[in-house]
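Model the placement of chain B with the ligands on the given structure of chain A, informed by the hints.
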Amino acid sequence: MNSHIQVRNLNVFYGKQQALKEINIEIPRQQITVIMGPSGCGKTTLLKSLNRFLELTDGTQISGQVLVDGQDIYASAVDVTEVRKRVGLLAQRPTPLPMSIYENVSYGMYIHQMRKDKREYKDAVRHYLELAGLWEEVKKRMHDPATSLSIGQQQRLCLARGLAVEPEIILGDEPTSALDPISSQHIEKKLLELKSQYTTVVVTHTLRQAKRLAEHVIFMYLGEVVEAGPAQEVFNHPQQERTRQYLEGLF
Amino acid sequence: MVITLLPLFLISAVTIGLLLRSWPILSAYSLKELLFGSIWKPSQGLFGFWPFIVGTFWVTVVGVGLAVPPCLLVSIYLAEYAHAFTRSIAKPVLDLLAAIPPVVYGVWGLLAIVPFVETFLAPFSKRWLAFLPFMAVNSPTGFSILAGGIVLAVMIAPLVISVVFEIFATVPNDLRFASLAIGATRWETIRRVVLPQVLPGIIAGIVLGASRAFGETIAVLMVVGNVPQVPGSLFDAAYPLPALIANNYGDMMSIPLYDAALLCAALILLGVILIFNIAATLVLKRFMK
Ligand SMILES: Nc1ncnc2c1ncn2[C@@H]1O[C@H](COP(=O)(O)OP(=O)(O)OP(=O)(O)O)[C@@H](O)[C@H]1O
Ligand SMILES: [Mg+2]
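Top to bottom, those sequences are chains A and B.
Every position in the first sequence, counted from 1, becomes a number in this note's numbering once 7 is added.
Every position in the second sequence, counted from 1, becomes a number in this note's numbering once 19 is added.
Pulled out of the complex, with its shape left as it was, chain A reads as follows:
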C-alpha cells in the first residue's frame, strides 16, 4: 500500500483521561478512508491529531508520531500553519467566516499570499467554487454575506475554502451530519469526485454512508483501533468480533 499518512504509537490524553491508546495506522494516498466506531470511541480525536488541532484544547497531551510523506508533523521544527495548510478540515457543522462568499474562498489564498493580483484571485475563487459544485448557485451574489447561504451551500463553501489553499489531504468530521439528505448527497458526490486528487479521511456514524464512500476502513472502539483494512475485506469478512457486531448494528 502506498500510504500517505502513517500514525505510530499515538497516545492522546485529555487531562488524565486517555482518549487514544497506541494507535498505529496507515492511510492510503488518494483514496477515501472512513473512520467508524461508536460514539465517544475517539474518532474526532484521531482526526484532529492529523492537522494538529488537538493542541488547541487546553490540557491535551500527545505522544507518538504522525508522519505525512514520512515527515513527523509533530517534530519541533515543523511550522503548524504549514501542516494545516496541507491538511484541510471540513467541520461537522458548516462554519462560514463572517465575510462575503467571495472573501471566504479567497481568505486562505490571501493569508498565504498564493496569488499575484486581483484577476488571479478572482479566477481562483471561481475555480474552487466550481470544484465544490457551488459556482452556478452563487456566481451572481459573490459579495453577499456567506451566512445568507443555506446550510448545505455553506458546507460546500467551506469545502471550496479548504480546497483553495491547495491541501493534499482533506479531513471530514461527519461532514454531512448537519445537512439535509440532498445536501449530504452533494457533499458525498464531491468527495468521490475529488478522491483521485486528494487523500481523504472521513469520520461517519452511518454505515450506509461508510459503504458508499470507503475504499479503506478504520474501525475504532474505546480509544483503540480494532480493525483496519480495505473496505471490501472489512465489510465482508471482518476479522474481529467487535467489528462484526458493529456492522450488524448490535451497538
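Where hints are given, some of them may not hold.
To be verified - If you want the footprint, here are the derived chain A segments under chain B, 3+ residues with CB under 8 Å:
1. 51-65
2. 80-92
3. 98-107
4. 115-128
5. 166-176
As the list claims (entries may be wrong) - Computed spacing ranges between beta-carbons, pair by pair:
6. A/F20 x B/R146: 30 to 36 Å
7. A/H150 x B/N296: 33 to 39 Å
8. B/L39 x A/H150: 54 to 60 Å
No wet-lab data here; the hints were simulated from the structure.
C-beta: ideal position from N, C-alpha, C; glycine also.
Here is chain B with the ligands on its own, set in the frame of chain A:
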C-alpha cells in the same frame, strides 16, 4: 414591569428635580453664556462653566487615552492566548481591582502619581517636549490634568478589560477554528476574523469606561489641583465638573444663584453620562443577547 420601570422613573425624577432647581440660573443667563463663559466668579455674578467643561474633557480624554491601548492588549491576551488557568486568576483580580474604593486610588495618586509628575514627567517634558501643544510646563506642582488622567486610567482599566474580554468571549470558537484550519496564524485569525466581529463592542466598552471616568469625582479631585482656569497644557491644574460640585455644594450658599449654578453643573454631567451610557448599552445589548 414596575421594577423594570423603577430606574427610568428615578432618572426622570432626578432630571426633573435638577431642572427645576437650576431653573433660576437657566432663566437668568443664556445657555451660551453659561456653557462657554470662561470666567467663574460667583460673587460677581459670573458663572462660566467653560473651564470646568474643558477640565473634565481633558482629564477624561487623557485617562481613556492612557487606559485603552494597554487594556486592549491585555483583553486580547486574556481572551485569545492565555491558558484557562491564567484566566481563572485574572478574573477575580480584575473584579477586586474594580472594587477598590476611589478614595484609595486618590490617596495613591496623591502619594505616588503627583510626585512622579512633579519630579519626573514635568522636568522631562520641559526638557524635551515643551514645543508640542499641550505639553508646556507652567505650574511647578504635580497637581495636574496628567496626574488626574493617570489615576483615572488605572481606575477604569479593570472595567474596560472585563467588558472587552467578555465581548471577545461572545465570538464562537468555531469561527477561530475555521480560520486556523486553513493555516492562518492566531494573530491573522484575531485580526481578520475576531476583531471585525467585536469592533463595535470594543468601542462600546471604551465609551462605558469614558463615562465612568467622566463622572469620577473623589480620586480626580484629590490630584487635579482644582483651579477654575481654562487649562492650556497637560501639566496645568484643572477643575472638572464633579469636583466643582463636590467641593462647593453646601458652602457659600448665600451668594445668589450659586446653588442653582452648581445644580446646573450636575445637570450637564448627568446629561453627558446618560448619553454615553445609553449609546454603549444599546451596542453591547446586540452582543450579549
Ligand atoms: N475536550 C475534551 N476534554 C475532555 N475529554 C474529551 C474532550 N474531547 C473529547 N473527550 C473525550 O475523549 C473521548 C473521545 O472523544 P471523541 O470526540 O474523539 O469521540 P468520537 O468518537 O468523535 O465521538 P462522537 O461519535 O460522539 O463524535 C470521549 O470519551 C470524550 O468524552
Ligand atoms: Mg466526534
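Tested hints:
no. : hint                        : result
1   : 51-65                       : holds (count 4)
2   : 80-92                       : holds (count 5)
3   : 98-107                      : holds (count 6)
4   : 115-128                     : holds (count 3)
5   : 166-176                     : holds (count 4)
6   : A/F20 x B/R146: 30 to 36 Å  : 59 Å, violated
7   : A/H150 x B/N296: 33 to 39 Å : 36 Å, holds
8   : B/L39 x A/H150: 54 to 60 Å  : 55 Å, holds
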